[in-house]
Amino acid sequence: MTTPTKRDKPWLMRTYSGHSSAKASNELYRTNLSKGQTGLSVAFDLPTQTGYDSDHPLARGEVGKVGVPIGHIGDMETLFDQIPLGQMNTSMTINATAAWLLALYVAAAERQGASPAQLQGTTQNDILKEYLSRGTYIFPPAPSVRLITDIIAYTVKHIPKWNPTNICSYHLQEAGATPTQELAYALSTSIAILDAVRDSGQIGADDFEQVAGRISFFVNAGIRFIEECCKMRAFTQLWDKLTRERYEVQSEEMRRFRYGVQVNSLGLTEAQPENNVQRIVLEMLGITLSKNSRARALQLPAWNEALGLPRPWDQQWALRMQQVLAFETDLLEYGDIFDGSPVIAAKVKALVDGAEQEMARVQEQGGMVQAIESGYVKRQLVSSHTERMRAIERGDLKIVGLNCYKETEVSPLTGGVDSGIMKVDPRAEREQIERLNAFRAKRNSTEVKAALANLAETARSGANIMPASILCAHAGVTTGEWSQTLRDIFGEYRAPTGIDIPANDDTRSAKVVTIRSQVTQAGIELGRPLRLLIGKPGLDGHSNGAEQIAVKGRDVGFEIVYEGIRLTPEQIAKAALEEGVHLIGLSVLSGSHIEMVEDVFNQLDKVGLKGLPVVIGGIIPESDAQLLKDRGIAAVYTPKDIDMNGIMVDILNLIRKANDLKPVDPA
Amino acid sequence: MSRMALPDPAVLASAVSGRDRLALATALNLLDDRRPAARQCAAEFLDLLPAEKLDADGHLIGITGPPGAGKSSLTAALIQVWRQRGLKVAILAVDPSSPISGGALLGDRLRMHASGADREVFIRSLACRGEFGGLSAEVWPMSLAMLAAFDIVLVETVGVGQKEIDVSKMTDTTCFVAQPASGDSIQFLKAGIMEVPHVIVVNKEDIGMAARKTLSDLRNTLGRRTDADGWQAPALSASAALGSGIEALADALDAHRNWLLERGQFTARRQRCQAEWLVKHLREEFGRYGIHRLGGEDALFATLMGQPRRRSPIAEYEALRARVMQ
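Protein sequence lines correspond, in order, to chains A and B. Residue numbering for the first sequence follows the numbering used here, beginning at 48 and increasing consecutively. Residue numbering for the second sequence follows the numbering used here, beginning at 9 and increasing consecutively.
Honestly, the hints are just simulated from the structure, not real lab data. Computed from a predicted model, the values in this text were never measured in an experiment. Heads up, the beta-carbon is just placed ideally off N, CA and C, and yes, glycines get one too. Hints may contain errors.
Claimed, not checked - Quick list of the computed label-pair ranges, beta carbon to beta carbon:
hint	chain 1	residue 1	chain 2	residue 2	range
1	A	453	B	91	37 to 43 Å
2	B	214	A	453	51 to 57 Å
3	A	679	B	251	38 to 44 Å
4	B	231	A	572	51 to 57 Å
5	A	246	B	271	39 to 45 Å
6	A	572	B	64	16 to 22 Å
7	B	218	A	157	35 to 41 Å
8	B	60	A	687	56 to 62 Å
9	B	215	A	300	49 to 55 Å
10	B	45	A	484	57 to 63 Å
11	B	94	A	541	22 to 28 Å
Working from the sequences, and respecting the hints, build out all of it.
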C-alpha cells in the first residue's frame, strides 16, 4: 500500500434514481454526489416517459412512482438546482420523449449560464428496443427512427460531448435474450440507426466518423460472468468490424466500442433477497475484469429491487460495492488479463459467429425495423424467456433461495417499520399536479401557442426537431403538450406482443396434460371453454410476466385474450364484458397496483361485471398484497411464484369457486 | 355468475334488441354454452329476436384473406369510416386454436379498435376450436344476436388456401383481402377452386409497384366473371396505414347490399346462409350419412329454401337432428 502504483481511471459511477418530485430528487442527487458518485443517472416517471402531463387520466397512480416527474422547464431547473450542468455528466433514461427532455436539459443549462457545447451526458434514445421490452414507445417506427436521427444529427453539431443514443441490449436480456441474441439485435439496431442517419442527409460524409464515434451502448451483465465478459469482448470485435466495413470509419478511436452498464435485475430474487448482494458483485466483475472491454459507466441495482422501490440506504450500498472494487482491489493496476487465453478466445468466437448468423437473418428480412414490425424479434425473445422460465421451474437452472436451498432464517433486513423498501408519499401526485397548474397559470399562453405551432410545422416538414423543441422548452410548453402535438402528426403505435409462438415439449409433460384435462373438464361443466383476460393497466411496459402467463394459459387449454401493454381500466372492463371471460389477470410492475385495482373494480361495476374474479401479478410488497385482497383481489402473484403449473391450477380453482364448483387437486 | 342460473330468454331478447351491451355479452355466452338446458334457452332466445332485423336489416359482412394480408388493420380503418357515418359496429373475430392444447390466443382487439372505449363498437373473439372448417360453429347464431343490436356485423377469419372463402356462405357480403405480391389467391380464383368474393381489396397500396401489379392481375383474372347471383365483384386497392381507399371500400360493400335489396334477394340470402350453416353443421356431426338420411344435399337445400326461415337456427337444427336420429 505504500508505493503508489499507476492505476487506471475508474469508470463513471452512477445510481439510477429519481422519485416523487424534482425537489426530492434534487436532494437525493446532491446527497449521492457528496458520497462519491461521479455522474448522475436520471430515472423519469412513466407519464414523463410516455408523454403525458401529471394530470392526464392515464397518469393516475403513476406520478413520481418509478422516477421523477418532469412536466416543464420549471421542473428541470429544480431537478438540477445547485448542480452545475456545465460540469456534470448526466445520463437520462428517456426514449420516446428523449428529444423533449434533452431540449429541457439544454434550456435549463442555458438558464444556468452553460452553453450546449459544454454539456456532457447521455440520452438513452433507443426507441426500437422499447417495442421489444420496456414498452415506453409512443409513435410508429418510422417517426421514431426520425426522432433518434434528429437527436444524433443535432448533438454531433451542437453538443459534441453528448452521447445522443445508448443502443440497448440491456432490456433485451431482461426480455429473455440469450447473449447471442443480445449481440445480434443490439448491433442490428445500430445498423438501422446509422443507415437512417446516413440517409437523412443531415450529416455530411466528412462528419459521419463523428456520428459513429458518438454511438454508445447500454448493456446488461448477468450472473454467468465469464460468458458475459466474453460477450463484451465479442461486442468490441463486432462493432469494430461493422463500423470499419459497413461505414468505412477510418479512425480507430471512432470505432471503439463504448458502453455503460446496469447489471441484471431479472435474476434478482424476492426470496432471500440478501443473496442479491453477491449476485450484483459477481455481475459487476463480468464487465470490469477485461480492460480492453471494460464499461465506461456503471450503475448497480439495489439488493431489494424485486421487493419494491429501494431506499437511499440501499442505493448507497450499491454505490459502495463499486467503490470497493475500484479503490480497494488491484483491478485497475493491470492490463487486460484475458488476452491470449484460448478458452476465452474460443468462447468469444462462438458468440461472434452466432451473432453474425442472426444479424444476417435480420438483414434478410429487410433490417431491424421490419423484423420488429413483423413480430419476428419479439417472438424470438418470448421463446427464449419461456425456455428460461421452464428451466427454472424444472430446477435445471438453479437459483439459490428460489428453487433450491430454500430454507432460511428470518431476515433482519426485511423487517423494520418500512418492510425494507421505500414508499412514495401518496401526496406526491397531488402536489405535482398543483405545481403543474401553478406553472400553467403563470406562463405566456401566446408564446406557448406559437412555439407549439412551430413544433407542428417542423414535425410535418421533416426538419430537425431539436431547435423547435428547445424553443418550446423556453416558452413553457409542458411534456403532455409537446407529445400530443407529435401524436397528432405521427400517430400512435401498438407493437406485436410476440406471444404467438409454437407450443414446446413441455406441453406434453404429465403435469401439463393433467391440468389441461382439468381445464377442459371445467369448461364442460360450465358449458363453454374457459377464457382469461390478461390485462396490463397503466403506463408500465414490462410485459414478461403477462406474456409468460398468456403462453402458459394457452398451453394448458385456456382461451386467452391478451392485448399488450398500456390499457386503461375502462378498456379492460370493456374487453372482459365483450369477450365473456371467466377471470381477469392483471399485471402491474410500476408500483401503482393499488390505484389500478381500484379503477378496474370501479369500471367492472359500471359494466355490470361485479364479482368477476380478478388476480394480479407484479412487484407487490406483502403489506400491499393483503390490502389488495381486502379490496377483493382473488390472488396475488409475485416474482417468487415460479411454479407456473401451480398458478394455472390456482386460477382454475378460483374460476371453479366463483361458479360454485368444488376445487380440483394440484397436478 | 352461478353455473346454474340461465337468463330468461324473453327478457334477454328484448334487452339485446334494445342494444344493452351486458345483455349482448350474456347472449353470446349463452350461444357458446353447450349444456342441454342452455341450448334450449338459446333456441328460445333466438326465436324471440325481432324477425325484421334478422331477415331484412343490417349488414352482415365477412372479411377474409391470408395471414399477414392486413385484415385487422383494414377492419380498424373500416370501423372508423362506419362510425363517422353513424353506424354501430359489432365484430366477430375468429382465431385459430392450438392443435395441441386446444387453448387459444385471441383477438387483436386493439389493432382493430385503437381507442378501445367506444360503446358503439363491440368485439367478441372466437377460437375456431378445431372444427367447422376453420369457422367456429357459433358464428352464425352469434351473428344473428349481433344483428339484433348493431347496424353492421363483421366476421373476420383467418383463411388458408381455398378454404379462405368459406365465410362467404354465412354472410351477406364477403370481402377478400389479397396480399400484394402473392399469387396464391389469383391461382385459386383462376382454377375456379375458390369462390369469387363480392369485393376484393389489395391492402398496402402504399408499398407501390407490387400492390399495383397484384391489383391488375386480379382485375385481369376476374374479367367479367360474376358470382352465381350475377354480381360482378369489384377489385379495389387501399392502404390501412395511410387511410386511403377505405371510404371506397365501405361504399363497395354497401353497393353489394343495395344490389341484393334492389333485386329482392336480401332476405333469400340470409335464408341461404342459415341453410348453409345447418347443412355444414349436420355434416360435421353425422358426416355424409346424416345428409343422406335427410334425402341428400340438393333436396335438403330445396326444402330449407322452400319454407320460411325459422328464426332460431338452433331449434331448426335440433328438429333436423331428431330426423337423422329417428
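Hint-by-hint comparison with the structure:
1. 453(A) with 91(B): 37 to 43 Å: Since the Cβ atoms of residue 453(A) and residue 91(B) sit about 55 Å apart, the hinted range of 37 to 43 Å is violated.
2. 214(B) with 453(A): 51 to 57 Å: With a Cβ separation near 56 Å, residue 214(B) and residue 453(A) satisfy 51 to 57 Å, so the hint holds.
3. 679(A) with 251(B): 38 to 44 Å: Distance hint for residue 679(A), residue 251(B) holds at roughly 42 Å.
4. 231(B) with 572(A): 51 to 57 Å: Since the Cβ atoms of residue 231(B) and residue 572(A) sit about 55 Å apart, the hinted range of 51 to 57 Å holds.
5. 246(A) with 271(B): 39 to 45 Å: Violated, at about 55 Å.
6. 572(A) with 64(B): 16 to 22 Å: Violated, at about 40 Å.
7. 218(B) with 157(A): 35 to 41 Å: Given a distance of about 50 Å, which is not inside 35 to 41 Å, the answer is violated.
8. 60(B) with 687(A): 56 to 62 Å: Taking Cβ atoms as reference, residue 60(B) and residue 687(A) lie about 59 Å apart, which means the hint holds.
9. 215(B) with 300(A): 49 to 55 Å: 41 Å, violated
10. 45(B) with 484(A): 57 to 63 Å: With a Cβ separation near 58 Å, residue 45(B) and residue 484(A) satisfy 57 to 63 Å, so the hint holds.
11. 94(B) with 541(A): 22 to 28 Å: About 26 Å separates the Cβ atoms of residue 94(B) and residue 541(A), which means 22 to 28 Å holds.
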